[in-house]
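K.L.:
Chain order of the listed sequences is A and B. Read in full-length UniProt numbering, the first sequence has 212 at position 212, and its numbers run on one by one without any break. Read in full-length UniProt numbering, the second sequence has 66 at position 66, and its numbers run on one by one without any break.
Errors might be hidden in some of the hints.
For identical chains, the list gives no copy identity; a pair is met inside one copy or between any two copies.
Unchecked claim - Straight line, CA to CA, 25 angstroms or less: simulated PhoX-like cross-link-like pairs of lysine-lysine: (1) 151 x 7; (2) 413 x 360; (3) 151 x 324; (4) 122 x 324; (5) 386 x 241; (6) 7 x 51; (7) 7 x 386; (8) 413 x 241; (9) 66 x 324; (10) 66 x 122; (11) 151 x 241; (12) 51 x 66; (13) 122 x 7.
By construction, these hints were calculated from the structure, which means they are not laboratory data.
Okay, here's what each chain looks like letter by letter:
2 protein chains.
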Amino acid sequence: MRTRPLKVALLGCGVVGSEVARIMTTHAGDLAARIGAPVELAGVAVRRPAKVREGIPQELITTDAKGLVSRDDIDVVVEVIGGIEPARTLITTAFEHGASVVSANKALLAEDGATLYAAAEKHGRDLYFEAAVAGAIPLIRPLRESLAGDKVNRVLGIVNGTTNFILDKMDTSGAGYSEALDEATALGYAEADPTADVEAFDAAAKAAILAGIAFHTRVRLDDVYREGMTEVTAADFASAKQMGCTIKLLAICERAADGRSVTARVHPAMIPLSHPLASVREAYNAVFVEAEAAGRLMFYGPGAGGAPTASAVLGDLVAVCRNKLAEATGPGESVYTQLPVSSMGEVVTRYHISLDVADKPGVLAQVATVFAEHGVSIDTVRQTGKDGEASLVVVTHRAPDAALSGTVAALRKLDTVRGVASIMRVEGE
Amino acid sequence: MRTRPLKVALLGCGVVGSEVARIMTTHAGDLAARIGAPVELAGVAVRRPAKVREGIPQELITTDAKGLVSRDDIDVVVEVIGGIEPARTLITTAFEHGASVVSANKALLAEDGATLYAAAEKHGRDLYFEAAVAGAIPLIRPLRESLAGDKVNRVLGIVNGTTNFILDKMDTSGAGYSEALDEATALGYAEADPTADVEAFDAAAKAAILAGIAFHTRVRLDDVYREGMTEVTAADFASAKQMGCTIKLLAICERAADGRSVTARVHPAMIPLSHPLASVREAYNAVFVEAEAAGRLMFYGPGAGGAPTASAVLGDLVAVCRNKLAEATGPGESVYTQLPVSSMGEVVTRYHISLDVADKPGVLAQVATVFAEHGVSIDTVRQTGKDGEASLVVVTHRAPDAALSGTVAALRKLDTVRGVASIMRVEGE
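For reference, chain A alone in the conformation it holds in the complex (with noise of 0.2 angstroms):
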């Protein structure tokens, strides 16, 4: 084994740096074992200097980042401060000065992961980032590695923990989404501000980083198709329920049939109570991977929190000191399909409507008029009248969203209608 360590700058030092601080001191022995050299962390990028911090040496603490990553004997830089910058400039400095980089930032490779990757491959380093997507759970190197050899065509996942939980509670307890969303906040599953879960902007970073992996192609945040889910109500779990299904907030992937282009979107969704991802309970996160070859894969696990967020930048740091003491590099980007993103109106879809009708003969058939107009079939309808009022529930087969979009579109012009209740996506079937 050699002597010398290899020298690591941490940038941040929250929830997971902490961590990741943490596990290389109490673990160090296991780690140089499988590194095949002693990792010394040898300094740590705060904004608060005068916080302490149990186990890290005062000296390792400074404010100055850019000049930690500025060293040229750091070998390798772990990212864990997020956002767009300095996050960047940081991480391409740290490249241009001979450091690999282990990032858990997914809005950053969401945002302008090409930067990143042509920085680390310029100067003949590492860029990995395990820790950006479901937390511990084995994803980016499953995706990136063990299916290289396999043509990926979906990729379906609960990719945010504060939003499952939150929809389980409202489905387990019929809470609504507010109720669900201040237990959430009490039990430190949500944030204060909540909007980057709530809203799916967290799941939409998630979903372009696991789409460009997927697909070997680019996508950005803004090719993401997303819709959070504060609009989903106790009324459209009992809609679920009537279906067999629940709802979740999925990430979904999907090479388009013809194989020529690719879709990723982020949105609330029914699925049936069958399928795997709808008993995935409280904060906790599961991918499906369908493949050509290897037909359909689960990864489960937690999706965040500080210990598991660590494990997957420990493991990352490993391979990256592996590789610099074997002066190679690992995978870089792949993106040589050069499959064009759709928009979400190509999507092939299912819709679940719940309509508000007027109480009278031939309502039914006006509906249904202009779903056939449409080309939308529809797959099953459901009426139920009471004091003058009637609803309609209608679920269609597969369409393009488009077709389906314009269909409510058109529904909601029906004098008939008095209103669309709710809408939601069919799916995992």
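Add chain B to chain A, keeping to what the hints say.
P.N.:
Just chain B now, with coordinates in the frame of chain A:
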């Protein structure tokens, strides 16, 4: 991209080998893009050269496997013939002649992995074997690489599809073992001689491989406690249901509580219906991994079959080819912890015991005394009587397996115990 192709020799062209060859041909462009050089099938060693193999040029077929792996122009040897010899000699010969090896041979790796690893290391080549455990499910790579910065404490899995199919049939249809086995055979899930599956030799080999990698120590097939599932009865399933459990054939690899030893075992066990492994149906495989930082992860997918296994082989092929181009090697054998493997007697588990007893006063007291004398604490007892006969169902708290089996031996000697109807371990709680 390098234009000179990497040359691959394929040993075996059965269910898996023919799929490997097919995908190498049909997806040649994708593989080349992902590797950075084309790969070329340079020879296929088979036993029956006259058999027509669609898509494989006849001039590539040879019966001289030894000659094929001795060619100095071969970059990678893919071994899918199985068994100990000639596979072992062919693999070590391949290393001697400069090739790296991708193998799906669980029996050989469990029996004598050390010899293969040593040969790979001596010649600076790669030994990859994702396909040896749980078919297409990425498991070896996540354990070797993704969790390389974590501490795995437990691996608990369903790693044999044939027996899971049989047990699932028994559970859902109430069928007996023979009937379920017949159905598995008719559907092609069980081989004409099902011994390797039903007596758990196959699962034991996989447990040895998983334990060695998870705990960074050497675990051989002989170190694995093994019990087949041919004696599981419909009555056992009925008992399991009363417990809120089902029965699965589990491979369990554990680090002892004091961290100083490990155990590996394969046997049928009751697991609670709420455990994710309980809902693994048909011939699917699933493996739970518990790690200190990552928490509980699960990997699920098809555990066997030509295409899924080929997917795993080709993922390894891509990795090994990339390493070859980079003049590097992936992770080798990691046995630095040198943790000893304890015997089954030291495993801490729970027993579910059904006893046929005399229906007279004092029997329960007598039985309870035997448990107490062996230091085994009873969790629940259920007593039922009919027609002068009575039965006792005892579920214990956790205790060393030696104490539990000592208890059972002592119970058999009691005059009032007419027979031990069944003994089953309870896991996954």
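K.L.:
Does each hint fit the structure? Answer for all of them.
P.N.:
Hints versus structure:
no.	hint	result
1	151 x 7	between (38 angstroms within a copy, 22 angstroms between copies)
2	413 x 360	within (17 angstroms within a copy, 80 angstroms between copies)
3	151 x 324	between (30 angstroms within a copy, 23 angstroms between copies)
4	122 x 324	both (16 angstroms within a copy, 21 angstroms between copies)
5	386 x 241	within (21 angstroms within a copy, 43 angstroms between copies)
6	7 x 51	within (23 angstroms within a copy, 57 angstroms between copies)
7	7 x 386	neither (72 angstroms within a copy, 73 angstroms between copies)
8	413 x 241	neither (29 angstroms within a copy, 55 angstroms between copies)
9	66 x 324	within (22 angstroms within a copy, 36 angstroms between copies)
10	66 x 122	within (20 angstroms within a copy, 43 angstroms between copies)
11	151 x 241	neither (34 angstroms within a copy, 41 angstroms between copies)
12	51 x 66	within (20 angstroms within a copy, 65 angstroms between copies)
13	122 x 7	within (21 angstroms within a copy, 29 angstroms between copies)
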